[in-house]
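Participant: Let the hints inform the model, and build the full structure from the sequences given.
Residue numbers (this note's numbering), protein chains in the order written: chain B, 1 to 250; chain Y, 1 to 637.
Incorrect hints may appear among the rest.
No farther apart than 25 angstroms at their CA atoms in a straight line, the calculated lysine-lysine pairs in the PhoX-like style are these [as the list claims (entries may be wrong)]:
hint : chain 1 : residue 1 : chain 2 : residue 2
1    : B       : 118       : Y       : 555
2    : Y       : 555       : Y       : 493
3    : Y       : 31        : Y       : 181
4    : Y       : 297       : Y       : 637
5    : Y       : 611       : Y       : 252
6    : Y       : 182       : B       : 118
7    : B       : 118       : Y       : 181
On the chain Y side, residues computed to face chain B include the following (Cβ under 8 angstroms) [stated by the list, open to error]:
hint : residue
8    : 51
9    : 125
10   : 133
11   : 139
12   : 173
13   : 210
Here are the computed distance ranges between Cβ atoms for each label pair [to be verified]:
hint : chain 1 : residue 1 : chain 2 : residue 2 : range
14   : Y       : 495       : B       : 222       : 42 to 50 angstroms
15   : B       : 90        : Y       : 138       : 38 to 46 angstroms
16   : B       : 90        : Y       : 2         : 57 to 65 angstroms
17   : Y       : 391       : B       : 80        : 15 to 23 angstroms
18   : Y       : 604       : B       : 146       : 50 to 58 angstroms
19   : B       : 2         : Y       : 621       : 54 to 62 angstroms
20   : B       : 80        : Y       : 359       : 20 to 28 angstroms
21   : Y       : 547       : B       : 16        : 14 to 22 angstroms
Hints were generated in silico from the structure; no laboratory data involved.
Just so it is clear, CB atoms sit at the ideal spot from N, CA and C, and this is done for glycine as well.
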Amino acid sequence: MRLKLHVWRQRGPADAGQMVSYDMPDVSPDMSFLEMLDVLNERLTLEGEEPIAFDHDCREGICGACGLVINGIAHGPTRGTTTCQLHMRSFKDGDEIWIEPWRARAFPVIKDLVVDRKSFDRVIESGGFISVNTGSAPEANILSVAKDSADQAFEYAACIGCGACVAACKNASAMLFVGAKVSHLASLPQGRVEAGRRARAMVSAMDAEGFGSCTNQFECEAVCPKDISVRAIAKMNREYLRAGLLESES
Amino acid sequence: MKLDARIPDGPIDTKWERHCFELKLINPANKRKFRVIVVGTGLAGASAAASLAELGYQVDAFCFQDSPRRAHSIAAQGGINAAKNYQGDGDSIYRLFYDTVKGGDFRAREANVYRLAQVSVNIIDQCVAQGVPFAREYGGYLDNRSFGGAQVSRTFYARGQTGQQLLLGAYQALARQVGNKKVRMHRRCEMLDLVLVDGHAKGIITRDLITGEISRHAADAVILATGGYGNAFFLSTNAKGCNVTAAYRAYKKGAAFANPCYTQIHPTCIPVAGDHQSKLTLMSESLRNDGRIWVPKQKGDRRAAGDIPAQDRDYYLERKYPSFGNLAPRDIASRAAKEVCDEGRGVGPRGLGVYLDFAESIQRLGSHVIEERYGNLFEMYNRITGEDPYASPMRIFPAVHYTMGGLWVDYNLMSNLPGLFVLGEANFSDHGANRLGASALMQGLADGYFVVPYTIGHYLAGQRPAAVSTEHAEFARAEEETRQRISTFLSLKGSRTADSFHRELGAVLWDHCGMSRSASGLKEALRRIPALRQEFWENLRVPGSGADLNQSLEKAGRVADFMEFAELLCHDALTREESCGGHFREEYQTSEGEAQRDDANFTHVSAWEFKGLESPPEEHREPLIFENVPLAVRSYK
Numbered sequence: 001m002r003l004k005l006h007v008w009r010q011r012g013p014a015d016a017g018q019m020v021s022y023d024m025p026d027v028s029p030d031m032s033f034l035e036m037l038d039v040l041n042e043r044l045t046l047e048g049e050e051p052i053a054f055d056h057d058c059r060e061g062i063c064g065a066c067g068l069v070i071n072g073i074a075h076g077p078t079r080g081t082t083t084c085q086l087h088m089r090s091f092k093d094g095d096e097i098w099i100e101p102w103r104a105r106a107f108p109v110i111k112d113l114v115v116d117r118k119s120f121d122r123v124i125e126s127g128g129f130i131s132v133n134t135g136s137a138p139e140a141n142i143l144s145v146a147k148d149s150a151d152q153a154f155e156y157a158a159c160i161g162c163g164a165c166v167a168a169c170k171n172a173s174a175m176l177f178v179g180a181k182v183s184h185l186a187s188l189p190q191g192r193v194e195a196g197r198r199a200r201a202m203v204s205a206m207d208a209e210g211f212g213s214c215t216n217q218f219e220c221e222a223v224c225p226k227d228i229s230v231r232a233i234a235k236m237n238r239e240y241l242r243a244g245l246l247e248s249e250s
Numbered sequence: 001m002k003l004d005a006r007i008p009d010g011p012i013d014t015k016w017e018r019h020c021f022e023l024k025l026i027n028p029a030n031k032r033k034f035r036v037i038v039v040g041t042g043l044a045g046a047s048a049a050a051s052l053a054e055l056g057y058q059v060d061a062f063c064f065q066d067s068p069r070r071a072h073s074i075a076a077q078g079g080i081n082a083a084k085n086y087q088g089d090g091d092s093i094y095r096l097f098y099d100t101v102k103g104g105d106f107r108a109r110e111a112n113v114y115r116l117a118q119v120s121v122n123i124i125d126q127c128v129a130q131g132v133p134f135a136r137e138y139g140g141y142l143d144n145r146s147f148g149g150a151q152v153s154r155t156f157y158a159r160g161q162t163g164q165q166l167l168l169g170a171y172q173a174l175a176r177q178v179g180n181k182k183v184r185m186h187r188r189c190e191m192l193d194l195v196l197v198d199g200h201a202k203g204i205i206t207r208d209l210i211t212g213e214i215s216r217h218a219a220d221a222v223i224l225a226t227g228g229y230g231n232a233f234f235l236s237t238n239a240k241g242c243n244v245t246a247a248y249r250a251y252k253k254g255a256a257f258a259n260p261c262y263t264q265i266h267p268t269c270i271p272v273a274g275d276h277q278s279k280l281t282l283m284s285e286s287l288r289n290d291g292r293i294w295v296p297k298q299k300g301d302r303r304a305a306g307d308i309p310a311q312d313r314d315y316y317l318e319r320k321y322p323s324f325g326n327l328a329p330r331d332i333a334s335r336a337a338k339e340v341c342d343e344g345r346g347v348g349p350r351g352l353g354v355y356l357d358f359a360e361s362i363q364r365l366g367s368h369v370i371e372e373r374y375g376n377l378f379e380m381y382n383r384i385t386g387e388d389p390y391a392s393p394m395r396i397f398p399a400v401h402y403t404m405g406g407l408w409v410d411y412n413l414m415s416n417l418p419g420l421f422v423l424g425e426a427n428f429s430d431h432g433a434n435r436l437g438a439s440a441l442m443q444g445l446a447d448g449y450f451v452v453p454y455t456i457g458h459y460l461a462g463q464r465p466a467a468v469s470t471e472h473a474e475f476a477r478a479e480e481e482t483r484q485r486i487s488t489f490l491s492l493k494g495s496r497t498a499d500s501f502h503r504e505l506g507a508v509l510w511d512h513c514g515m516s517r518s519a520s521g522l523k524e525a526l527r528r529i530p531a532l533r534q535e536f537w538e539n540l541r542v543p544g545s546g547a548d549l550n551q552s553l554e555k556a557g558r559v560a561d562f563m564e565f566a567e568l569l570c571h572d573a574l575t576r577e578e579s580c581g582g583h584f585r586e587e588y589q590t591s592e593g594e595a596q597r598d599d600a601n602f603t604h605v606s607a608w609e610f611k612g613l614e615s616p617p618e619e620h621r622e623p624l625i626f627e628n629v630p631l632a633v634r635s636y637k
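Facilitator: See the structure below:
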């Protein structure tokens, strides 16, 4: 099939950037979206142009490196799918496709479609863990964990840290990302000890990075490639408030 | 070059404990005077960096990805083995040890494998404490499943995303130390050379992938946890960024490279769809618990799978290996798939595929049970192929997945270069000629959490802390060489991209050094690779500059190293005149087509020393001694 692409090109952080159009005369429906960009990049290289920079690595939807806004939707039209798992059979002959990077103050553009997501790492560093040193763990089956709790923890732990939730949010809020980690660890007995401190530390770090607030539009859930529920945000708010109340009591 | 494996004396079950006692210690106040570089942040690298920082060392960690959480361990699906014997089905440390030695076709070092089995139980404890949400039974206790090459259920799992959950556990432990300022994390920063001072590994040269800045980093020891070299084949289940550069640069500086010909071809991957294919996707081996593998009995049977009645189907693994059936180890299952496709009985548009059929399990258990077990894998299959595996069988074909070979290490996981430690897939030590499913995660975490934190202290105790600075002439020399290489890439202005060279190299390797190998094919590959490499250095085109984010330049550097490494791979395969594990030489097979080992002549590790590109590498042999598991023909019949 024949497609027309409009791609965001930006030489560096200081460059204003612009959309540039490319014709794609022969796209196979079996190609992945990124394989289509590979084909375009090979062509641009041989034509003496710089290829389009985009992040990607595992190409099987789990590393969280890739992420493009495709026709205005983070990760494109297919629900529960990362950009790398999107295949061209989701498009039809003659389609025009607009491709842009994640846009958020906390995700500055590095080049073309590549953004800097170090802010996510810093939020995890502030408290997104259980403080246990190597070697100090007890025998694993000493602690019984209800299957429902373990399953729920898994649902939240499935977050791949891609940042689509931020890109989709009009406030560039990271509350689904942060909520997923807070909820993952708070769902498990071994994570309860630090639950309050964790929620408060991560929310402060999130605010300090310049992510916005949640106004309950649920755009984040709609684009999340791992279908993480906005219940994560409610759970985070609960942990955060509870920690505040406990603190004011003492 | 002298290879001393430093295997402790005494009975196998007490070697590690006694060795730990004999290792020198560094007191807590002195640990902070030592700096350790950790390259790679997958399971091995992240767990090592976190554990060393907890002990008090200063750590510099490096990854080329934009976050340490993206390392390719994240993509491991099926599970992690541990000898917990929670199922009471006869498992033990000794049985895990035995299965791993046998699964590796008697080409691994017994002492290392035994230690791996011993610490496997600690890994599960550690991960549970970190909050890894392993699958559980209704009673709240940990669940297990079975995996290829074993007759007990010892695999712990988190749906089909076990690698992700384990890596996030290690990443979070690392993040905690980054937050504590014990680890300096260098993201999007690629190691391009190793620096030796007086023969000891004392630093690395890196390129910042965003600014292009070339930097020197000095330390008291260097740990490489940089993964395998499966991407030499271009098409593999590895992430696109996986590369051999760090390990190969160490090899060129004198580190021995062991058994590069042991490459694992995974039997259950989604077949190639077209020429644009950029990578292959694995379908977890766990699917073989409930899926049955078959092809039509008749050559050229083009009927749809559902129209082929049972009597016209050949469930060839169940037929050939009745006791292990569809759970035969990976090397055996892959070769069997190749064999039926070579006979013209393959399925799918290219005839390069076999069916993995769930119809019977769905009927027996209900589709909700299958969905609970494998839902995410079925979805992934559907997204990639556009076909529904609940309605018709999956099509699968083998693909390059894992590499058992790697840099040679001793019992302390130190290479022959003092101060250079190698962990995880990047080393050669534990899997012999074939890795069993769910053992890669185990090894990566064993090395990082429970081995190197003990053994590195023994080396550092003999060193004066911060003895070398980046002002040393060796750093200047290595930096200059790196700069030269980058400017050469940019100046070539040829007419082919790095990707096109990589595809061609991959095709040569797949054809001649893939699932089956022969002397004539390997010699052909050894003729073609140097010619291709020569063209690469004359006709490569790298657009852009070295002073900003330039993914073409990154790729060129990695492909340049694959071009040289591929020759080493073929050379090793040609030298090993036997079939074992993932290394199948057509000349060495039984009358039934099974691999034929030559224990009299090849019960050794081949460790290769770089002798310059114009000369063949020099082979050094570490004999393998089997005192506990008697050498036997590996049978899964």
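Participant: Each hint needs a verdict: does it hold in this structure or not?
Facilitator: Tested hints:
A distance of roughly 23 angstroms separates the Cα atoms of residue 118/B and residue 555/Y; the hinted pair therefore holds under the 25 angstroms criterion. A C-alpha spacing of about 15 angstroms is found between residue 555/Y and residue 493/Y, which places the hinted pair at or below 25 angstroms, so the restraint holds. Of the supplied pair hints, the one linking residue 31/Y and residue 181/Y holds, its CA atoms being roughly 15 angstroms apart against a limit of 25 angstroms. A hinted pair counts as satisfied when its Cα atoms are at most 25 angstroms apart, and residue 297/Y with residue 637/Y qualifies at roughly 21 angstroms.
For the given pair, residue 611/Y sits about 8 angstroms from residue 252/Y by alpha-carbon distance, which is consistent with the 25 angstroms threshold. Of the supplied pair hints, the one linking residue 182/Y and residue 118/B holds, its CA atoms being roughly 18 angstroms apart against a limit of 25 angstroms. Restraint check: the Cα-Cα separation between residue 118/B and residue 181/Y comes to about 16 angstroms, which is no more than 25 angstroms; the hinted pair holds. The beta carbon of residue 51/Y is positioned within 8 angstroms of a beta carbon in chain B (closest approach about 4 angstroms), and the interface hint is therefore held.
Against a cut-off of 8 angstroms between C-beta atoms, the interface hint on residue 125/Y holds, since the closest Cβ of chain B lies about 4 angstroms away. Hint on residue 133/Y holds. Least Cβ distance to chain B is approximately 4 angstroms, under the 8 angstroms limit. Below 8 angstroms, beta-carbon pairs count as interface contacts, and residue 139/Y has one with chain B at about 7 angstroms; its hint therefore holds. At about 6 angstroms, the closest approach between the beta carbon of residue 173/Y and any beta carbon in chain B falls short of 8 angstroms, and the interface hint on this residue holds.
Hint status for residue 210/Y: holds, given a least beta-carbon distance of 6 angstroms to chain B, under 8 angstroms. A C-beta distance of roughly 45 angstroms is found between residue 495/Y and residue 222/B, which places it inside the suggested range of 42 to 50 angstroms. Under the hint 38 to 46 angstroms, the C-beta atoms of residue 90/B and residue 138/Y, about 39 angstroms apart, fit the expected range. A C-beta distance of roughly 59 angstroms is found between residue 90/B and residue 2/Y, which places it inside the suggested range of 57 to 65 angstroms.
Look at residue 391/Y against residue 80/B: about 20 angstroms separates their beta carbons, and that is inside 15 to 23 angstroms. Distance hint for residue 604/Y and residue 146/B: a CB-CB separation of about 51 angstroms, consistent with the stated range 50 to 58 angstroms. Take residue 2/B and residue 621/Y: their Cβ atoms lie about 59 angstroms apart, and the range 54 to 62 angstroms holds. Checking the proposed 20 to 28 angstroms range against residue 80/B and residue 359/Y shows it holds: the Cβ atoms sit about 26 angstroms from each other.
Distance hint for residue 547/Y and residue 16/B: a CB-CB separation of about 20 angstroms, consistent with the stated range 14 to 22 angstroms.
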